[in-house]
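In order, the protein sequence lines correspond to chains A and B. In terms of this note's numbering, the first sequence is residues 1 to 337. In terms of this note's numbering, the second sequence is residues 1001 to 1504.
A few of these clues could be false.
[Unchecked claim] Here are the simulated lysine-lysine pairs, BS3-like style, with alpha carbons at most 25 Å apart:
hint : chain 1 : residue 1 : chain 2 : residue 2
1    : B       : K1317     : A       : K226
2    : B       : K1428     : B       : K1317
3    : B       : K1444     : A       : K226
4    : B       : K1444     : B       : K1393
[Unchecked claim] Which residues of chain A face chain B? A few of them, derived with a C-beta cut under 10 Å, are:
hint : residue
5    : Q161
6    : Y164
7    : N214
8    : E216
9    : L227
[Stated by the list, open to error] A few chain A residues that don't get close to chain B, going by computed Cβ distances all over 12 Å:
hint : residue
10   : F44
11   : Q97
12   : L126
13   : Q148
14   : R159
15   : G180
16   : I185
17   : I186
18   : V198
19   : V225
20   : S276
21   : I312
These aren't lab readings, by the way, just hints derived from the structure by calculation. Since the model is a prediction, treat every value here as computed from it, not as a measurement. By construction, the Cβ of each residue, glycine as well, lies at the ideal position given by its N, Cα and C atoms.
What follows is each chain in one-letter form.
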Amino acid sequence: MMEATETQSHSRVKSFLADQLRNIAPVFTLLALVTFFTIASPTFFSVVNFMNILSQISITAIIAVGLTYVILTSEIDLSVAAIANAVGITIAYFTLQPDYVNIANIPLPGVVAIILTLLTALCFGLVTAFGVTWIGIPSFIMTLAMMQIANGVSALLVRGQIAYSYPDLITTLGSGSIFGIRWTIIVAIIFLLGGHLVLTYTRFGRYIYMTGGNREAAEYSGVNVKLIIGSVMVISAMCAGIAGMLAVAYFGSAQQNQFDSYLLDAIAAVVVGGTSLFGGRGGIGNTIIGLLVLGVLNNGLDHIQIDSFLKILIRGLILLSALIINVYAQNLKERTA
Amino acid sequence: MSDDSQGRGVKTPLLALTNVSKSFGGIAALRDVDFSLLAGEVHGLVGENGAGKSTTMKIIAGVYPDFEGEMQVDGKKVNFRSARDALAAGIGMVHQELSVIPDLTVAENVFLGNQPTKLGGVIDWARINSEAKKLISSLGLDIDPRTRMGTLPVGLQQLVELSRVLFSGARIIILDEPTSALSPPEVKRLFGVLRKIKAEGRGIVFISHFLDDVLEVSDRVTIFRNGQKVATETTAGLTKDAVISHMIGRGSKDMHMGESAELESDDSKPIALAADGVGDGQTLQDISLSLRSGEITGVYGFMGCGQIELARALFGKGKLRTGRLMLDGKPHSFRSTSAARAAGIAFVPENRRMMLFRTEPVYKNISIAILDHIHRFLLKPSRERSIADSHAKDLQIKPPKTDMTLGQLSGGNQQKVALAKWLTHLPKVLILSEPTRGMDVGAKEDVIRIVKNLRDKGVAILVLSTEPETILTLADRVSVLRKGRVAKEFSRGTLHKADLLAAA
């Protein structure tokens, strides 16, 4: 009896640690990186640079919110960057461009343009949702196709040209600031907060976790699994679309293949943060840490003297170690539970 | 070889087990079993689930290398360390679940893993196809060896697998439930093939629940009960009743609970859910059932008889091709499990993993099915916890800590959690697949009490099981499924276990 309770409490401690490994590891990584860059570079640790980092990760953050939902259900969305690109181009397509831009576009009033563009993003999401749930195409392949389709839409709309004008609201949110804080940061914070509240405090959020944790069990408990998965695909496309609209204003131009790096960045942020690739564990809190790790890493590497080609390799290695911890934490959890 | 098969008794058996015992974790699965297989015989092996048939077969096939007692092949003592050793000694097995590869051709399946090659490792296709053709036609079958396996009916796939076993040189062939998926003409064809094989001097062990089939094809029958061999008899003059009474030990001191039951069905009770000639185009055919409120309907049948498919079809998983479902007298079709749940149907599958979240706390496991009743939009975890706590108390879930991770509970307690999901808002219809399988006695009794309690509250309950005891303990009326059809219905009077076994 004694032995039994002892092993039980022992296993509970182990189970707790196994559960928390995915949350603890990213925080330590972040602290280690901040410490390292603070020592290595005199210009790194400052309020101005901190705001820089936030602004650099703000667009990725909006995409990562939707992607967190997708990965929590143990699906994947590889089309986010392409959809961001296509939707960013769409908003420009519906806006009057300067004379020197040679695009046969359709200028519309700002509000109409924004609504139409949001509908475009919605359509992308609905097509993905349809393919994944109704037809039953694995999301990995379906979103790969959507990536190509979104890239095709981008190409058709701008035909190799670059657009520069957007509705005022988008220009303000994308490139303006208020009280010295960039609007993109504020929008990102709203998305992260909203995303967190929905995941943690709503029925929909619980269904997402349960679907990711054990899809079969969710289905046999009477959860409409297809509806949940379809919804997260739509949410992901909407987040990517809105991020894309702000991003074209953030960078001041809309052109093809502009946001390709967002795909890897957003996936990396979610996974480095500790959200399980197998679904059911993690959340927006993890994604925030993941975003900060990536942001600090990218920004910090610019502050120290380092071969710029080596930077790419370093990011790859950080991502690999995050993946190892991610899978290891999952195995640990399975064993102790 | 074939000369040996003419005589019997004095000849050395192909295979002999003497005083074989095997236990798992201190629990005896086999005790002092003697068994012999002669050249040129089909030897039937029967017994209830857990009687020791499959343990015996796994010992023979080398899957369990450590056991007590002795095994001889051709009169020589053997010690198999793996299934590979057994294969090398000429022992081949065809499992109930066929191990064919549907996307390869018949010939490729026959030569799987041992394709003849030409110089340089190139596969000799001409030889594969011609030899496969020869082999298959020697069984009296006419199949083009280049046909894709998946396009053949199950009966032919099974014969192709059998020819693979024969090709590997097996002289001792073990068939596990070979007729469970076959139609009557296919059974007949299989028996023709078996007679051919045994005439070549090989020995066949024929394991089956289908006693009629066993009696038709075997020369001798060995009957197991509770890990012991009860009898080996020549089939001539053996009746089905005699076999059944050996299997369940009727009239002996082994009589125990769950041997028989008084059925008390009441046709005046309202029908909650009725299946009217439903079929799924594959396993299920023309099944009609009426589940009445306040009554437990039992569905008994052997493994693979269609229970699993039936349970899923009633819960909106799996498509129905024919027939219709009537809920409260109105036609209804469930396009998803969530539609079925919304209509008041609840389901606990046979495998707990299928409906529980091992890494989530107990209370989330319980509340998942009722979230929409508790909250419209925002979660109220305290409410979930208090509901879960009260279930944990009622159902005596131990330990009664609902924030514990589910995986830390014992199997029986997990099963109670699976039931607890559906108890907050009583469903109209509760479908339970194998509700007490693999549980210890205490947990079993708890579950039985809970289920009967629910019946008394007016829930229409469907219990599907391959264990006659479960059905006899719980059911008020019983339907017996056989190969996807309702073979027999019992609604009143005394029902004996033997009746169930005879009907299935």
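Verification of the supplied hints:
A threshold of 25 Å between alpha carbons decides the hint, and for K1317/B with K226/A the separation of about 13 Å falls inside it, so the pair holds. With a CA separation close to 18 Å, the supplied pair K1428/B and K1317/B stays within the 25 Å bound. In summary, the hint linking K1444/B to K226/A is not supported, as the alpha carbons are separated by about 35 Å, beyond the 25 Å threshold. Among the hinted pairs, K1444/B with K1393/B is consistent with the structure: their alpha-carbon atoms are about 17 Å apart, no more than 25 Å.
Interface restraint check: Q161/A against chain B, minimum CB-CB distance 45 Å, threshold 10 Å, status violated. Hint status for Y164/A: violated, given a least beta-carbon distance of 42 Å to chain B, over 10 Å. Evaluation of the N214/A hint against chain B yields a held restraint, the C-beta minimum of about 5 Å falling below 10 Å. Interface restraint check: E216/A against chain B, minimum CB-CB distance 5 Å, threshold 10 Å, status holds.
At about 8 Å, the closest approach between the beta carbon of L227/A and any beta carbon in chain B falls short of 10 Å, and the interface hint on this residue holds. The claim that F44/A is not at the interface with chain B holds, since no C-beta of that chain comes within 12 Å of its own (minimum 39 Å). Residue placement check: Q97/A keeps its beta carbon more than 12 Å from all beta carbons of chain B (closest about 43 Å). At roughly 19 Å from the closest C-beta of chain B, the C-beta of L126/A stays outside 12 Å, upholding its exclusion from the interface.
Q148/A, annotated as away from the interface, keeps every beta carbon of chain B farther than 12 Å; the closest lies near 28 Å. Non-interface status of R159/A relative to chain B is upheld: no Cβ of that chain comes within 12 Å, the nearest being about 44 Å off. For G180/A, the shortest C-beta to C-beta distance to chain B comes to about 35 Å, beyond the 12 Å cut-off, and the non-interface label holds. Look at I185/A: its CB is around 28 Å from the nearest CB on chain B, clear of 12 Å, so calling it non-interface holds up.
Listed as a non-interface residue, I186/A keeps its Cβ farther than 12 Å from every Cβ of chain B; the least gap is roughly 25 Å. Consistency note on V198/A: stated as away from chain B, yet its beta-carbon is not over 12 Å from all of that chain's, at 10 Å minimum. With a minimum CB-CB distance of about 8 Å to chain B, V225/A fails to clear the 12 Å threshold, and the non-interface call is violated. Non-interface call for S276/A relative to chain B: violated, since the shortest CB-CB distance, roughly 10 Å, does not exceed 12 Å.
With 12 Å as the threshold on Cβ separation, the claim that I312/A sits away from chain B holds: the shortest Cβ distance comes to roughly 36 Å.
In this structure, the hints that do not hold are numbers 3, 5, 6, 18, 19 and 20, in rising order.
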